[in-house]
Amino acid sequence: MKPLNNLLKQRRIFQTLVFRDFGSRYLSSYVGLPWAFIQPVMYILVIWFAFTFGLRGGRTISGVSFAPWLITGLIPWLFISQTMIVSANAILEYSFLIKKTNVPVYLIPVIKVFSGMIVHVTLIVGIIFLLFFSYNIQPTVYWFQIIYYLFALTILLTGIAWFISSVNVFLRDMAHLVNIFVTMLFWATPIIWPYSMLHGNYRYVALLNPFFYITEGYRYTFIEHTWFFEYTEMNILFWTFTLSIFFIGYFTFKKLQPMFADML
Amino acid sequence: MAKVAIRVNELSKTYKLYKIKRDFIKEVIHPLRKKYHTKFYALKNVSFNVEEGEVVGIIGQNGSGKSTLLKILASIVTPTSGDYFCDGKVAALLELSGGFNKELTGIQNIKFLSALQGYTKKELPDIIRKVLDFAEIGEYAYQPVNTYSSGMYMRLAFSLAINIDPDILIIDEVLAVGDIKFRKKSYEKIKKFKQEGKTILICTHSLSVVSEICTKAIWIHKGKLMKTGEPKEIIKEYNDFMISAKNNTH
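Protein sequence lines, in the order shown, are assigned to chains A and B. By our numbering, the letter at position 134 of the first sequence is numbered 134, and the numbering carries on one by one without gaps. By our numbering, the letter at position 172 of the second sequence is numbered 172, and the numbering carries on one by one without gaps.
So that you can see chain A by itself, here it is in the shape it has in the complex (with noise of 0.2 Å):
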């Protein structure tokens, strides 16, 4: 039972290593653990104030309050940004370990995927009992599809996290560059303006955006009850682009991965 015993000090490794990463990004400050949800609960706040006060006015979107239309879509998006930007630095924070022990070094920007992953689900039950307790939202079947979007997600965000980490050991300007392209993404994707904005050809501004399918699928799963794959070109779309930039990622990492220990 070889090959089983070692998954499964494998896995354990993994875990220690995805606790410990949670713990050490937010445990080191006074107030600890409740940082990792007064920020992302802050940042929706600060957005829905901003929208529903000032730019919008408080209209109603495919036939729900904005309030909760726009907190299933940006929860993924904070959990998409937040790991892209903690992923370009994760072979540098861990050059310590990567330079004295032989941990699995492929492992490591998957840790920050898994690790940013506690916050996130945490924040879905929280959206769960928003939409249960306050907006009178009633539980569907639909609501089970998230296990999907989060698989998807997990897939999406490893193969990102393997090529931006393993690039930024070499060209430390990629975690600037994400930086930026993480805003400019967060305002090209119908996060906060509804993708019915969107006419003829410019719909695939959205639909070749693989950050859209995930953002819409949670309005899909919790608000317009919808499934997922009753949307043929958007599915092909995005599992064409997501299984290129894991294999992308993949290969990338682990063409360069042999330098990292000469280049930190």
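Hint data in this document are derived by calculation from the structure and do not stem from the laboratory. On a predicted model such as this, the values are computed, not experimentally measured, just so you know. Mixed in with the good hints, there may be bad ones.
With a straight-line Cα cutoff of 30 Å, these simulated DSSO-like cross-link-like pairs (lysine-lysine) come out [as the list claims (entries may be wrong)]:
| hint | chain 1 | residue 1 | chain 2 | residue 2 |
| --- | --- | --- | --- | --- |
| 1 | A | 99 | B | 192 |
| 2 | A | 99 | A | 255 |
| 3 | B | 89 | B | 102 |
| 4 | B | 16 | B | 184 |
| 5 | A | 99 | B | 19 |
| 6 | A | 9 | B | 102 |
Negatives, chain B to chain A, calculated, CB over 12 Å [stated by the list, open to error]:
| hint | residue |
| --- | --- |
| 7 | 2 |
| 8 | 35 |
| 9 | 47 |
Just so you know, even glycine gets a beta-carbon here, dropped at the ideal spot from N, CA and C.
Following the hints, put chain B in place on chain A, whose structure we already have.
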């Protein structure tokens, strides 16, 4: 003949040196693959075998490639060519910081690093106890590692390395920062390891250590293997070589 524990075959490691950082990018994107680097051999065609239960001392002047060799054997640095094989679990103590997360306390680091070695939660209290018993760092175990002196640092790193039950122990010139008492204790422990049939690789400038506890010595000079054999003989030759003024200057 005893079983071979470490086999090193034609191992080389080259580093590409760039005059400025930008040259690296230029090289990567150059359409005609023009080379902008100069090659530096840290190790050149090194081959040797180590048998189970041997204590091997690696000697050589600064920058001779000793540490690179140990880093390769600990599978941290990838060799440019050649191959190596280590039979069993390897624990490495490379330079001082030994993989510690500086913001965590000593105990947290022990927990984290032994969990990375695949130990389960149940086994952790036992390991922590053993490591702390050997390290004797007292209350500092509860303090972040960045408050440690280099001696304490080494005590913790060494205690951890010997307590995760390795088959092969790799030590890179770290024991020198310990006080006499701890050094003595460490050498006793190394001797005990030897008796248990474990293999130990030590790189050090302390030649008396090599002649006292090693069963074999390897002399590396500018990336090349000069000689292996009986510690006393190698040390003598190495000493003669180092003292002759001609070779003492780089």
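So, going through the hints one by one against the coordinates:
no.: 1; hint: A:99 x B:192; result: holds, 28 Å
no.: 2; hint: A:99 x A:255; result: holds, 18 Å
no.: 3; hint: B:89 x B:102; result: holds, 25 Å
no.: 4; hint: B:16 x B:184; result: violated, 41 Å
no.: 5; hint: A:99 x B:19; result: holds, 24 Å
no.: 6; hint: A:9 x B:102; result: holds, 25 Å
no.: 7; hint: 2; result: holds, 25 Å
no.: 8; hint: 35; result: holds, 16 Å
no.: 9; hint: 47; result: holds, 21 Å
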